[in-house]
Structure formats: structure tokens, C-alpha cells
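Undergrad: Kindly produce the complete structure, drawing on both the sequences and the hints.
Residue numbers (our numbering), protein chains in the order written: chain W, 1 to 117; chain R, 118 to 234; chain F, 235 to 351; chain L, 352 to 468.
Careful: at least some of the hints might be erroneous.
Claimed, not checked - Once the Cα atoms are required to be at most 30 Å apart in a straight line, the calculated DSSO-like pairs of lysine-lysine come out as:
id: 1; chain 1: W; residue 1: 105; chain 2: F; residue 2: 280
id: 2; chain 1: R; residue 1: 125; chain 2: W; residue 2: 20
id: 3; chain 1: L; residue 1: 397; chain 2: F; residue 2: 295
id: 4; chain 1: W; residue 1: 105; chain 2: F; residue 2: 293
id: 5; chain 1: W; residue 1: 46; chain 2: W; residue 2: 90
id: 6; chain 1: L; residue 1: 410; chain 2: L; residue 2: 442
id: 7; chain 1: W; residue 1: 61; chain 2: R; residue 2: 125
id: 8; chain 1: W; residue 1: 90; chain 2: W; residue 2: 8
id: 9; chain 1: L; residue 1: 405; chain 2: R; residue 2: 170
id: 10; chain 1: W; residue 1: 46; chain 2: F; residue 2: 242
id: 11; chain 1: W; residue 1: 46; chain 2: F; residue 2: 339
id: 12; chain 1: L; residue 1: 461; chain 2: L; residue 2: 397
Claimed, not checked - Among chain L residues calculated to face chain F with C-beta under 10 Å, some are:
id: 13; residue: 436
id: 14; residue: 445
id: 15; residue: 464
Unchecked claim - To spell it out: a stretch of chain W is covered by chain R in this simulated footprint if at least three of its residues, at any positions, have a beta carbon under 8 Å from a beta carbon of chain R; those stretches are:
id: 16; stretch: 12-22
id: 17; stretch: 40-48
id: 18; stretch: 51-65
id: 19; stretch: 68-82
id: 20; stretch: 89-101
The hints are simulated quantities; they were obtained by calculation from the structure and are not laboratory data. All C-beta atoms, glycine included, are put in the ideal place defined by N, C-alpha and C.
Protein chains: 4
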Amino acid sequence: MNTDTFLKDILAFREERDWKQFHNPKDLAISLVLEAGEVLEHMQWKNGEELEKKLVADKEKVGEELADVLYWTVLLAHDLGINLEEAVAKKMRQNAAKYPPHLAKGSSAKYTELQGK
Amino acid sequence: MNTDTFLKDILAFREERDWKQFHNPKDLAISLVLEAGEVLEHMQWKNGEELEKKLVADKEKVGEELADVLYWTVLLAHDLGINLEEAVAKKMRQNAAKYPPHLAKGSSAKYTELQGK
Amino acid sequence: MNTDTFLKDILAFREERDWKQFHNPKDLAISLVLEAGEVLEHMQWKNGEELEKKLVADKEKVGEELADVLYWTVLLAHDLGINLEEAVAKKMRQNAAKYPPHLAKGSSAKYTELQGK
Amino acid sequence: MNTDTFLKDILAFREERDWKQFHNPKDLAISLVLEAGEVLEHMQWKNGEELEKKLVADKEKVGEELADVLYWTVLLAHDLGINLEEAVAKKMRQNAAKYPPHLAKGSSAKYTELQGK
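TA: Here it is in C-alpha cells:
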């Protein structure tokens, strides 16, 4: 999907309701954390096969929570003048440097452990 | 930006490191919550003008945290078979129904309060 | 342990540093969430036996994160004029009503499912 | 309040419902994070005087969320064999070392900034 189109819709929605006044970065970031928590809530108390079944049953709802996370991510980036595409490209370069395949393959260790830092 | 291109990069990165085995949905959702927390951490203890200055200074780093949030959002959606584009479209329709402009304009009330539910 | 003694120490610590001015409820609650996240971070990516071993190894550090959580809980309650002892007693009565043993025994269902609400 | 008495009540409650089987540390820590999020949710979108009023009105409910946070903190400490009283004492010693009054007084800087680390 295209996050720029999504952002345009979000900004039009906000404009129409005159909500910019409430959208300080701190409250946007709080929304992001709380919506991420709602995603996690669907995974709570179940494990293994039982969790897999629940996630199939909850698929539609988890999708809505992930859409909420995406909503605040895209809007917060916009309000702070952050270019998400560049940020993501930079992150991928960093990850590649932190976790070179020959060290990281099949390991769940953090890069600080992997590289003996 | 295009999240499908991003997803392809993420999946190639994971494949190369054989990390699919660690990526159960619960741990992915935990990562999402923790990265959202790192975004919020940049807003902690500062307010008003002081916060604004800090966010200008931290722009690059906040961008990296938002890239992390996007990373787990896109990957978790993929692993659960969720179509983010559809989820986002549905969410926008729901928001429009919950917050009609004539009721919501200029108000920070929740839809349950707005509509007297 | 006695949370009132702990609270006295926290208040003396704050007073000595003149930090009351930074302690608005929103930033205290943010701290609470972030410290709870640090507890969870110790459980990330590991499961089963591997997680058990890690938690034995990390016991000291997890204890420090839990102490941080307790710190903000006790301080936030104080600043909002909340009596934690009463709040806890009320919560236990609510839990007992929501989860009567004859319905809840051996079940991980939420009370809304349990009681067909 | 005495957290040992509270812990006894929690353990009796769990025993009666045979819920120990669901209480792995990861799900307990997830509960802790989600309940901390519910505390923060009461502070969302409001600021200044408006937030103060809301917190007076929501006092009872915020108390219940803080009781939930305390619940999982005390139970998780117990299940991991952590002595909260010792952890708290250690934390207070660390805080005193990180934030000596002559450096920290009236400053919201992190100890790493304060001490030029």
C-alpha cells in the first residue's frame, strides 16, 4: 500500500474536524503506544495452537489495530517532518550492519552479544 | 512510500538470517509495543517549547524508531495474512462513522461521549 | 514490603532535587509504561526452557525494572490522591465477582466470555 | 500498604481458580504493560487544566488501573523469586548515585547528560 495516499486521507479527515489543535506529538505518540498495546492484547494468555486459532478468528480485528498503529505512525512522521521512506532505508542499512548473515544466521542474540560488544 | 517494497526487503532480510523460526506473532507484537515505547521516550519529561526543540534535535532518531514501528507492523500483518490496505480503508470508514464532522468538529471527546452512547 | 515507607523515600528524593516541577501525571504515567516495557523486554524472543534460563540469569535486572514500575505506581498514586490500599481491596472484590471459582476454574477466558456477557 | 498481604490474597485467588497454568512470565509481563497503558489512557488528549479536571473525575478508575499494575508487579516478582523490598532498596541507592543533588537539582536531564557520560 501507499502511505502517502493514506496520509492525505488522514490529513483531510483531521482538517474536516479541526483536530490539529489536539495533535501535539506527545499525545500522538501515546496513541501509537496504546494502539500497539491493543495489537498485543490479542496475543495475551494464549500460546501454541490455541493462540494460532485465536489469531485466525481475530484476524479482522487485529487488522484494525494494525491500521490504527499505521495511522499514528504516518501522521506523527508527517507532523515531525520525518520522511518515512528515508528513515526506513536508513534502518535497513543499519540492520544489515548490525546483523551480518554469517554471524546472525539462526541466532536470536542481540547484535551487542553477536559482535562481542 | 510503498509498504509492499518494504515488506519484500524485510522478508529477504529475514530469509537470509533464517530468523522466521523466532518470529511468532506474540514476540513480533511485543517488538511493536517496545518500539512504539521508544518513540514515546523521546517525548518524556519535556513539554511546550522545550519539547519542540528536543524533537527538532532528535528528528533523525525519532525517524529511526518510527521506521522500527513500521517494520513490525508490516511484518506482523504479512505473517497473519492481513491486507493492510483493506484494513486501513475499513478503519477510515469506521472513523468517519464514529466521528461525523458536525458532532466531532473541534472536540476531543471520544465517540462514545459524542454520540451519547 | 511497605509501600508507605517507600513513598516517603521517593518524596524525600524528589524534594532534595526539586523535581516536583517536572512530575505532571502524564509524564509519570509515561514513565510507568516505559518501565513496564523494560520488564517485558527481558522476555522478548526467547520461549520455553530458553526463556526460563534467561530469567534466572536476568533476575537481578528484572528486579530493578520491577522496582522502577513500583516507584512510578506509588508516586503517581500519591500525586493523584489515590489510596492504593483501598484501590487494591476494591479490585480484589471486583475480580472475585467477575471470576467466580465455579466458572473460572481452569479457564483462561475473559469474564465477558465466561458469564456470557 | 503491605505488598506481602496483597500477594497472599493474589496467590489464594489464583490457587482457587487453578490459574497458575496460564501464568508464564511472558504473559504476566504483557499484562503489566497493558495495565500501565490503561493508566496512561486516562491522560490521553487532555492537557493543562482540562487534564487536571479529568483526573479528579477519573480518580476512582485510575486507582483501579494502578491496583492492576501493582497486582502484576507483585505476582511477577513472586513467580520469578524476586524480593521487591531488596530490589527497591538497590534502586534507591542507584538513583542516588546517578542523580547527586548538587548536579540534579532543578534539572530534567538524564544522568548520562548530567554527568557528561
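Undergrad: With reference to the structure, classify each hint as holding or not holding.
TA: Against the structure, the hints:
1. The suggested pairing of residue 105 (chain W) with residue 280 (chain F) holds, with an alpha-carbon distance near 16 Å, which does not exceed 30 Å.
2. Taking the CA atoms of residue 125 (chain R) and residue 20 (chain W), the gap is near 34 Å; set against the 30 Å cutoff, the hint is violated.
3. Proximity of residue 397 (chain L) to residue 295 (chain F) is assessed by CA-CA distance (about 35 Å); at most 30 Å being required, the pair is judged violated.
4. For the proposed pair residue 105 (chain W) and residue 293 (chain F), the alpha carbon gap of about 28 Å is at most 30 Å, so the pair holds.
5. Note on residue 46 (chain W) and residue 90 (chain W): the hinted pairing is violated, with a Cα-Cα distance of about 36 Å set against a maximum of 30 Å.
6. For the given pair, residue 410 (chain L) sits about 28 Å from residue 442 (chain L) by alpha-carbon distance, which is consistent with the 30 Å threshold.
7. Distance restraint check for residue 61 (chain W) and residue 125 (chain R): the Cα-Cα separation of roughly 24 Å lies within the 30 Å cut-off, and the hinted pair is therefore satisfied.
8. For the proposed pair residue 90 (chain W) and residue 8 (chain W), the alpha carbon gap of about 24 Å is at most 30 Å, so the pair holds.
9. A hinted pair counts as satisfied when its Cα atoms are at most 30 Å apart, and residue 405 (chain L) with residue 170 (chain R) qualifies at roughly 28 Å.
10. For a cut-off of 30 Å, the pair hint linking residue 46 (chain W) to residue 242 (chain F) is broken: about 40 Å separates their Cα positions.
11. Distance restraint check for residue 46 (chain W) and residue 339 (chain F): the Cα-Cα separation of roughly 16 Å lies within the 30 Å cut-off, and the hinted pair is therefore satisfied.
12. The hinted pair formed by residue 461 (chain L) and residue 397 (chain L) meets the criterion: a straight-line CA distance of about 26 Å does not exceed 30 Å.
13. For residue 436 (chain L), the suggested interface contact is upheld, since its CB lies about 4 Å from the closest CB of chain F, less than 10 Å.
14. With a least beta-carbon distance of about 7 Å to chain F, the hint placing residue 445 (chain L) at the interface is held under the 10 Å criterion.
15. Taken as an interface hint, residue 464 (chain L) does not check out: its beta carbon lies about 14 Å from the nearest beta carbon of chain F, beyond 10 Å.
16. Only when three residues or more bring their CB closer than 8 Å to a CB of chain R does the claim for the stretch 12-22 of chain W stand; here the count is 7, and the claim holds.
17. Figure legend: the stretch 40-48 of chain W, annotated as covered by chain R; annotation consistent (4 residues with Cβ-Cβ distances under 8 Å, at least 3 required).
18. Requiring three or more residues with a Cβ within less than 8 Å of a Cβ of chain R, the coverage given for the stretch 51-65 of chain W holds, as 6 such residues are present.
19. Counting residues of the stretch 68-82 of chain W whose CB lies closer than 8 Å to any CB of chain R gives 10, which reaches the minimum of 3, so the coverage claim holds.
20. Only residues whose beta carbon comes within less than 8 Å of a beta carbon in chain R count, and the stretch 89-101 of chain W has 8; three or more means the coverage holds.
Checked against the numbered hints above, the structure violates hints 2, 3, 5, 10 and 15; every other hint is satisfied.
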